[in-house]
Amino acid sequence: MTVVRHINHVRLFVDGILDSSFLTEGITKTNDSPIYIGGAPYSVDSCDFPFLLDELKIYNLSIGTDQIQSEASASLSGIEPSFIYFGCFHCDMNTAILSCPNNYHLCNKMELYIGVYNVLRKFSLDVNNIILPYSSESNLGIGICCTDI
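Per this note's numbering, the sequence shown starts with residue 80, numbered consecutively.
Hints are computed from structural coordinates only; laboratory data are not their basis. Please note that the accuracy of each hint is not assured.
[Unchecked claim] Pair by pair, the computed Cβ-Cβ distance ranges are:
1) Lys188 / Leu135: 27 to 35 Å
2) Asp124 / Pro212: 57 to 65 Å
3) Leu219 / Asn187: 15 to 23 Å
4) Lys108 / Asn207: 27 to 35 Å
5) Asn139 / Phe202: 28 to 36 Å
6) Asp227 / Ile86: 23 to 31 Å
7) Asp124 / Ile228: 23 to 31 Å
8) Thr107 / Lys201: 22 to 30 Å
9) Lys108 / Asn181: 52 to 60 Å
10) Ile114 / Ser203: 21 to 29 Å
11) Leu102 / Tyr213: 31 to 39 Å
If you're wondering where the values come from, they're calculated on a predicted model, not measured in any experiment. The C-beta atom is built at its ideal place from N, Cα and C for all residues, glycine as well.
Please put together the full structure from these sequences, using the hints given.
What follows is the structure in structure tokens.
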């Protein structure tokens, strides 16, 4: 489950799928106090947390739908390490294409959604700096190769 608040718009995603959204009123205040999940030390007798939390991520920015779906996909289905290959960094389209070994190709958008975005974040790489096949942009970026299935 993911909750994203951006300005006054709140979105709830369940398993990477947008479940609901609504507009809020007022301002978002910063919090310098500790965050308690499922209760606080002063509410031990009155608050029960009836489930296990195996992972919690808090971002200081509003993450996008692509990143949320990538996180959900990776946690639900996983991604095999040999699925991707980092072909080149700070390269152009031609160099990126040539950097892919045999039986690999530049990852397409669908492959990015099924887990490559998540791998990039785990390596602290810029998810907005990817060279996509058939892109008309002539920017420099990361050439990420996916295995031919």
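Among all the numbered hints in the text so far, which are the ones the structure does not match?
Violated hints (numbers, rising): 5, 6 and 7; every other hint is consistent with the structure.
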